[in-house]
Amino acid sequence: MQSGNGAVGADPQDARLVAAALAAELDIAPTAAAFGELGPDQLRTTQNAVALAMMTDPDPRRWGASVIQQGMGIMSLFPVIDDDIVPGAPTEVLAAHPERAVPLIAGTTADEFRFFTVPTGITAAVTADTLPLVLTRYGIDPAVARTYSTHRPDATPAEIFNAILTDWCFRAGTVDFATANAAAAPTHMYEFAWPTGLPDLGACHVLEVPFVFDVLADAHSITGPNPPQALADEIHTAWVRFATDGDPGWPAFEPDTKLVRLFDTPESSTVADPRAAELDALRQTIA
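Counting along the sequence shown from 1, when you hit position 7 you're at 7 in the UniProt record's numbering, and nothing is skipped either side.
The set of hints was computed from the structure by calculation and includes no laboratory data.
Note that the coordinates shown come from a computational prediction; the quantities given were computed from them, not determined experimentally.
In this text, a Cβ means the ideal position worked out from N, Cα and C, and glycines have one as well.
Hints may contain errors.
[Unchecked claim] Derived DEER-like restraints, expressed as beta-carbon distance ranges:
no., residue 1, residue 2, range
1, ARG62, SER221, 40 to 46 Å
2, GLN42, GLY249, 36 to 42 Å
3, PRO119, ALA184, 21 to 27 Å
4, ILE286, ASP129, 40 to 46 Å
5, ARG62, THR31, 40 to 46 Å
[Said to hold, decoys possible] List of simulated lysine to aspartate or glutamate pairs, DMTMM-like, C-alpha gap at most 20 Å:
no., residue 1, residue 2
6, LYS258, ASP176
7, LYS258, ASP247
8, LYS258, ASP233
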């Protein structure tokens, strides 16, 4: 589970609003059959157009409350709770049915949210003056920024903003899902911390994918020109080992130790509950 969130699930009626917007952009009926006739380029272009419209006007009446709340006005497409394939929020379902747990690797990148805010210009608008207003817009108490700033004394307001949103949208849900899964099946957590060579993106969303599949030569548009092959060798080997015999090469995640593998250069390491104080403070402000 890479860069997932086990708490996310849109209400069916809200998902239909997004599907209708996608269909209108394509001038087709909002049906599976109509979408199935399209190629990936058309779908990606339309997805980007709808995502931009949502970021520009994150109105829950237009897109649905569950889509705006859980997608933070940034992400428009995610699983739908349908009482069939997805009967509820995945973490809650797994906690209620531990027999459904499977051996798992779960993790995130260190700067997930920069993927959504740097290219769109949102980050450029975050200053010391606007940070409280922006956090409030996302339903987050601005007071939590003090905890993040204390642990990141050299970080800019924009970097603090992205760190908070990365934790809320990705890391918190991944930790919760891993905790539920670890109660019944071997679970391993990771964080990908190597920053891309592209300006300001850091260790952004999807950056670890070409490392996992060992295809750096085809991924310079996201990695920059000189990604570390040794890190790809390490991560690719770990995923293959896990698929082969269930052991990626670092200790399992347990609720009492919360060991996480940090992938980075010049070397990776295994640490216990990284940046726990930040995540705890964030949970308290949104609880």
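Consistency of the hints with the structure:
no.: 1; hint: ARG62 / SER221: 40 to 46 Å; result: 32 Å, violated
no.: 2; hint: GLN42 / GLY249: 36 to 42 Å; result: 41 Å, holds
no.: 3; hint: PRO119 / ALA184: 21 to 27 Å; result: 39 Å, violated
no.: 4; hint: ILE286 / ASP129: 40 to 46 Å; result: 23 Å, violated
no.: 5; hint: ARG62 / THR31: 40 to 46 Å; result: 21 Å, violated
no.: 6; hint: LYS258 / ASP176; result: 11 Å, holds
no.: 7; hint: LYS258 / ASP247; result: 17 Å, holds
no.: 8; hint: LYS258 / ASP233; result: 25 Å, violated
Hints 1, 3, 4, 5 and 8 from the earlier list are contradicted by this structure; the remaining hints agree with it.
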